[in-house]
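Make the full structure from the sequences, and use the hints.
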Amino acid sequence: MTRARVLLLTAALGPLDYRVPQGSDAPLGSVVVAPLGPRRMGGVVWEDESFGAPEPVGDNRLRNLYEIVPVPPVPAPLRRLVEWTSDYYLAPPGAVLRMVLPGAAFADARRPIVEYRATGELPARMTPQRIVALEKIGARQGLVRELAALADVSEAVIRGLVQAGALEAVSVSADAPYPEPDPDFGPPDLSAEQAAAASQLRDAVTAAIFETLLLDGVTGSGKTEVYMEAIAAAVEAGKQALVLLPEIALTEPMLTRFAARFGCEPVAWHSGLRSTERRRAWHAIARGEAKIVVGARSALFLPYADLGLIVVDEAHETSFKQEDGVHYHARDVAVMRGHFEALPVILASATPALESLAQVEAGRYRHIILPARYGGAMLPDLAAIDMRQDPPDRGRWLAPPLVDALADRLHKGEQSLLFLNRRGFAPLTLCRTCGHRIQCPNCTAWMVEHRLVHRLACHHCGHVMPPPRLCPECEDEDSLVACGPGVERVADEVTLRFPEARTAIVTSDTLWSPAKAAEFVANVEGGLIDIIIGTQLVTKGYHFPNLTLVGVVDADLGLDGGDLRASERTFQQIAQVAGRAGRGVKPGEVLIQTRVPDAPVMAALVANDREGFYAAEAASRRQAGAPPYGRFAALVISSEDIDVARGVAQRLGQKAPVADGLAIYGPAPAPLAMLRGRHRFRLLLHAPRSFDLQGTIRDWVARIDWPAKARLAIDVDPYSFV
Numbered sequence: 002m003t004r005a006r007v008l009l010l011t012a013a014l015g016p017l018d019y020r021v022p023q024g025s026d027a028p029l030g031s032v033v034v035a036p037l038g039p040r041r042m043g044g045v046v047w048e049d050e051s052f053g054a055p056e057p058v059g060d061n062r063l064r065n066l067y068e069i070v071p072v073p074p075v076p077a078p079l080r081r082l083v084e085w086t087s088d089y090y091l092a093p094p095g096a097v098l099r100m101v102l103p104g105a106a107f108a109d110a111r112r113p114i115v116e117y118r119a120t121g122e123l124p125a126r127m128t129p130q131r132i133v134a135l136e137k138i139g140a141r142q143g144l145v146r147e148l149a150a151l152a153d154v155s156e157a158v159i160r161g162l163v164q165a166g167a168l169e170a171v172s173v174s175a176d177a178p179y180p181e182p183d184p185d186f187g188p189p190d191l192s193a194e195q196a197a198a199a200s201q202l203r204d205a206v207t208a209a210i211f212e213t214l215l216l217d218g219v220t221g222s223g224k225t226e227v228y229m230e231a232i233a234a235a236v237e238a239g240k241q242a243l244v245l246l247p248e249i250a251l252t253e254p255m256l257t258r259f260a261a262r263f264g265c266e267p268v269a270w271h272s273g274l275r276s277t278e279r280r281r282a283w284h285a286i287a288r289g290e291a292k293i294v295v296g297a298r299s300a301l302f303l304p305y306a307d308l309g310l311i312v313v314d315e316a317h318e319t320s321f322k323q324e325d326g327v328h329y330h331a332r333d334v335a336v337m338r339g340h341f342e343a344l345p346v347i348l349a350s351a352t353p354a355l356e357s358l359a360q361v362e363a364g365r366y367r368h369i370i371l372p373a374r375y376g377g378a379m380l381p382d383l384a385a386i387d388m389r390q391d392p393p394d395r396g397r398w399l400a401p402p403l404v405d406a407l408a409d410r411l412h413k414g415e416q417s418l419l420f421l422n423r424r425g426f427a428p429l430t431l432c433r434t435c436g437h438r439i440q441c442p443n444c445t446a447w448m449v450e451h452r453l454v455h456r457l458a459c460h461h462c463g464h465v466m467p468p469p470r471l472c473p474e475c476e477d478e479d480s481l482v483a484c485g486p487g488v489e490r491v492a493d494e495v496t497l498r499f500p501e502a503r504t505a506i507v508t509s510d511t512l513w514s515p516a517k518a519a520e521f522v523a524n525v526e527g528g529l530i531d532i533i534i535g536t537q538l539v540t541k542g543y544h545f546p547n548l549t550l551v552g553v554v555d556a557d558l559g560l561d562g563g564d565l566r567a568s569e570r571t572f573q574q575i576a577q578v579a580g581r582a583g584r585g586v587k588p589g590e591v592l593i594q595t596r597v598p599d600a601p602v603m604a605a606l607v608a609n610d611r612e613g614f615y616a617a618e619a620a621s622r623r624q625a626g627a628p629p630y631g632r633f634a635a636l637v638i639s640s641e642d643i644d645v646a647r648g649v650a651q652r653l654g655q656k657a658p659v660a661d662g663l664a665i666y667g668p669a670p671a672p673l674a675m676l677r678g679r680h681r682f683r684l685l686l687h688a689p690r691s692f693d694l695q696g697t698i699r700d701w702v703a704r705i706d707w708p709a710k711a712r713l714a715i716d717v718d719p720y721s722f723v
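Here our numbering = 1-based position in the sequence shown + 1.
If you are wondering where the hints come from, they were derived from the structure by calculation, not from laboratory data.
Every residue gets a Cβ at the ideal spot worked out from N, C-alpha and C, and that includes glycine.
It is possible that part of the hints are untrue.
What the hints assert, rightly or not - Computed Cβ-Cβ distance ranges for the label pairs, DEER-style:
1) S721 with D493: 27 to 37 angstroms
2) S25 with P78: 21 to 31 angstroms
3) E290 with L497: 49 to 59 angstroms
4) G662 with A620: 13 to 23 angstroms
5) G463 with D60: 41 to 51 angstroms
6) R4 with R146: 30 to 40 angstroms
7) R395 with P442: 51 to 61 angstroms
Stated by the list, open to error - Computed list of lysine-lysine pairs in BS3-like fashion (alpha-carbon distance at most 30 angstroms, straight line):
8) K322 with K240
9) K541 with K137
10) K322 with K541
11) K322 with K413
12) K413 with K240
13) K541 with K413
14) K656 with K240
15) K656 with K710
16) K587 with K541
17) K587 with K137
18) K322 with K517
19) K413 with K517
20) K517 with K541
21) K710 with K322
Right under this line is the structure:
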């Protein structure tokens with residue numbers, strides 16, 4: 002083979018032709034390093050006929066490949082998945098390929114890496130930055146740049162600590178083998194219903210054909226133990242198994258559960274890994290040595306040597322939808338990977354997405370139901386607190402019945418959970434003198450007060466600033482007030498009411514790593530926490546037997562904003578957080594604070610009428626032609642220059658396609674009209690399921706001349722409408 006067509010790791014270009022150096026071989030799927038102008042860039046040798054089959058370049062114009070990287074080739078089924086993802090989500094194929102080949106793929110796993118860790122010795126000269134750095138680094142180790150990012154200091158500070166002897170070098174091997182999981186190590190004691198479900202899943206793995214199975218079990222029914230039996234079957238067959246989790250904070254507790262079942266922890270893959278850990282994991286996965294992988298959605302695109310099973314845990318979670326870069330949904334792409342690789346895919350959830358239930362109804366997914374909790378535990382009792390009839394005291398957020406229930410649990414030595422899906426202390430800071438609201442300078446969003454760290458923060462772009470002493474508008478002093486509650490404000494109220502209670506605030510601000518999540522779980526299980534105050538992070542996967550009360554502080558919060566899935570998301574969130582109560586022998590209780598107790602979603606939750614809610618929701622979506630019975634796609638044009646963004650959006654609107662069944666709304670300013678300093682305009686497409694939405698968008702966008710200052714983001718099947 003003297004020439005190769007290579008798909009490079011760049012979103013700007015399609016495949017390019019190169020010459021294979023004499024004496025080398027570059028079969029399909031080979032990972033290579035190729036020249037691109039003056040740069041060196043990674044890529045994969047691809048089929049000539051893919052991506053529109055561009056005309057080949059003459060041999061005299063070809064440049065030599067620099068290197069064929071000594072790693073296993075990217076298998077054909079994974080190449081087909083890259084093509085499908087690129088085509089369906091209208092994303093550049095090079096951008097999809099970057100998820101298959103992160104930087105770790107090109108690093109030699111055999112070469113040791115030097116990391117650094119604290120020695121316990123303090124340098125003679127302690128600056129404020131050095132003090133902060135050593136406190137934040139603690140017992141962790143990593144590369145200089147990783148420790149600098151962790152401590153939020155410059156790399157020069159870290160190097161100074163190395164020279165002063167406060168940090169020492171450690172040689173880390175990225176080639177060390179992982180322990181082999183033992184499928185017979187700790188088999189669980191399954192109930193009859195669990196055993197029957199596990200048998201179906203095992204049979205699906207043994208059959209080694211594509212099938213999607215919806216494992217639908219109430220909270221506490223033991224879904225994890227059941228799908229672990231399917232994983233055991235995959236390991237017995239010498240195959241690899243992948244488990245996708247919606248949050249990296251769940252990874253550490255899940256690793257512990259896997260270790261109890263298989264005798265060793267699975268291989269983890271998520272953004273919190275150090276460079277050495279990522280390099281070791283990627284190479285072990287590509288060689289087939291990592292038998293069980295547990296990770297975030299990005300783990301879905303890794304080049305498994307012999308994949309036999311994919312499990313998507315908490316498959317209803319919206320965090321499986323990628324909102325930046327390639328706008329893919331990991332649940333749907335997992336099903337497609339199962340199709341291309343001819344293997345079963347298990348979607349596990351207590352509150353399945355309506356899309357999944359529609360596939361069951363259409364006969365495409367097999368429905369496996371676990372209707373009862375394991376070990377005789379009962380589902381909690383749910384009741385609504387009508388905030389119009391029983392409001393909290395002035396300046397407080399917890400209604401009297403919920404306060405009384407918290408006091409009762411404290412008296413009994415039981416644990417409670419307060420759920421409010423809003424980080425920080427307060428979502429809005431305004432001036433009581435002139436009414437000025439403090440807004441992010443980069444986004445059309447209010448700054449959120451985080452009183453624990455004495456900062457105002459934008460939850461969209463990450464901009465932070467100290468709270469001003471004077472109003473920025475009228476310069477009045479002591480006139481700025483916090484409006485509305487976040488979890489920190491609720492925690493303050495709990496501390497005022499119950500000063501003896503031990504509390505924990507659980508959000509992405511406090512549980513930013515798997516290690517922090519593991520520490521939190523250990524504290525709860527050890528009885529060191531009485532009341533948990535948390536966001537949606539606590540609705541997923543945790544099992545605390547002594548937690549008997551859940552209070553939903555503002556159940557109406559998720560119903561605002563006009564999102565077509567608002568009712569479904571609210572139902573799922575509250576049902577999931579309610580499922581944290583009464584998972585042991587003690588009965589559980591859930592109190593839902595709401596101002597609309599008669600709303601269909603609230604009535605369904607209190608009546609435990611899941612089937613009725615889903616039936617009503619499906620009927621209303623079908624009538625509106627909304628997903629899963631219709632399709633949406635969003636085109637968002639952005640630019641730092643508002644006139645450029647508006648002009649491109651208007652030209653798109655003028656050349657909008659006209660077709661039966663297709664409705665196009667806009668162009669109009671996006672609900673979040675400015676994000677990260679870029680002005681945004683949106684067009685929203687609505688069409689029947691049978692409509693060729695991708696082809697229409699592809700032809701439409703190609704008719705526009707795009708200025709360099711404008712960007713286009715295409716979101717097929719959007720979950721966020723901001």
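Inset, instruction - Please write out, lowest number first, the hints stated earlier that are contradicted by the structure. - result: Numbers 7, 11, 12, 14 and 17, in rising order.
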